[in-house]
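Engineer: Now for the letters of each chain:
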Amino acid sequence: MPVGSSAQQKYEKEFRIDPQEVPSSALQFVDQLEVNRKVRWYREVGLERSSVEAKTKINGQRYSIEFSNDGQIEDIEIEQSWEEIPAEARARAIAHFDKLYDRHKVLRVQRQYTGPPAVLISCIRQPGSCNGVTRHFELVVKTRTERDYKMMEFLISETGVILSSVEIILRNTDNLEF
Amino acid sequence: MIRSVFVVIFLFCQTVLHAQHTYQFGILPAFNVNTKLAENWKINFKAESRQLLREGQFREDADYQYRYVLTDLALVAATRVSVNHTLGMGYQLRLREGASIHRLIQQFAITQRFSALRLGHRLASDQSVQSGAPALVRLRYRLAAELPLSGQAVDSREAYIKLSNEYLNQFQGDDYDLEIRVVPVIGYVFTDANKLEFGLDYRVDRLFEDARRSRFWVAVNWYVIL
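Heads up: the sequence lines are chains F and U, in that order. Here the numbering used here is used: the first sequence runs in plain steps of one and ends on residue 178. Here the numbering used here is used: the second sequence runs in plain steps of one and ends on residue 1226.
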């Protein structure tokens, strides 16, 4: 479990792309979700890999749908509040953060769905029918140890087990501070 | 922020119509160098110069006339007190014709990241001394919003817009004045360590006097990290 000071780092750049640049299988997948709102497409370039991402809103919730460069669905992330996570998972994650950090604060929560494309589509269109979908939570957490401050991203299971963690490399903020 | 901008636009319209409202127009280039000192410490060096091109009263003719006004040299050391909070202290030397002004600076800055927007809050105070004048104390708050023109975050070789709004309370002897600034700029990030901003730095002050003053500076801000 790569957690704590040995965590990997994450730095992503996003570029807006036109739908014409998106693999057809990714376009077809999003079409089947029957999204009423505008869909924005991005290419995400990380330290080690790149991907294609669709961002939109469904029923007032922000969706990020991530695909490989050849258009294979990787995951669907839906923004939600910390309180919407099952209490058991919250408690276990907090207990884990308490061990690692002097102070911590969860800033952002996304529900992450992975699974076969047909099952994911069914799950989004009819939230009650999510059999076969693996559900995790992605958390962005502001952390503090004695003299070290880090923004971390954790992937936790439905029961709050930490599955992975990465340190988010922050962009410089000099033009907002001085 | 939008409400504040409307307040300033209202004040601007009101002051333009106001009798004896003076203005200045010029350029305000600034060069910022930031460097990391130790873990969680950084230093900001800023050099800024004001060059006046035109001044007068609204609704009256005025000639273009170049005049060098002043140069500010400032050094601020800032330490992180959280992932997105910094506490800074510094010194500024203001050089203007026939006078030097020494200024102590204290500031607390918060940056917040939203889905496609970054906000910067800066709460600062400074104290200036100049021979032959009472000490000037200022309490100021600035809110800056940065929005990428492409994607969800401002990356290398991308442009952005930044709008900031600042309120400066100024105390000198028995006098009090409020200065309001609105600064819309367009920026371009060459690399994460090198960015350039260009826009307008509008300032209105002497709000409680008969003759208000508006200053319009063409702002050019260059930020470099060493």
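By construction, these hints were calculated from the structure, which means they are not laboratory data. Beta carbons: idealized from backbone N, C-alpha and C, even for Gly. Be aware that a few hints might be false.
Said to hold, decoys possible - Simulated crosslink set (DSBU-like; lysine-lysine; CA at most 35 Å straight-line):
#1 K1036/U x K57/F
#2 K150/F x K1036/U
#3 K1046/U x K57/F
#4 K57/F x K10/F
#5 K105/F x K38/F
#6 K99/F x K1046/U
#7 K1036/U x K99/F
#8 K38/F x K142/F
#9 K99/F x K38/F
#10 K1036/U x K105/F
#11 K38/F x K1036/U
#12 K150/F x K1046/U
#13 K10/F x K1046/U
Claimed, not checked - Just a few of them, taken from the derived set where beta-carbon distance is under 8 Å, the chain U residues facing chain F:
#14 L1075
#15 R1122
#16 L1123
#17 A1124
#18 S1128
#19 A1153
#20 R1206
Engineer: Indicate, hint by hint, whether the structure satisfies it.
Structural biologist: Tested hints:
no.	hint	in the structure
1	K1036/U x K57/F	violated, 40 Å
2	K150/F x K1036/U	holds, 16 Å
3	K1046/U x K57/F	violated, 42 Å
4	K57/F x K10/F	holds, 25 Å
5	K105/F x K38/F	holds, 32 Å
6	K99/F x K1046/U	violated, 41 Å
7	K1036/U x K99/F	holds, 30 Å
8	K38/F x K142/F	holds, 31 Å
9	K99/F x K38/F	violated, 43 Å
10	K1036/U x K105/F	holds, 26 Å
11	K38/F x K1036/U	violated, 42 Å
12	K150/F x K1046/U	holds, 27 Å
13	K10/F x K1046/U	holds, 31 Å
14	L1075	violated, 11 Å
15	R1122	holds, 7 Å
16	L1123	violated, 11 Å
17	A1124	violated, 10 Å
18	S1128	violated, 18 Å
19	A1153	holds, 6 Å
20	R1206	violated, 26 Å
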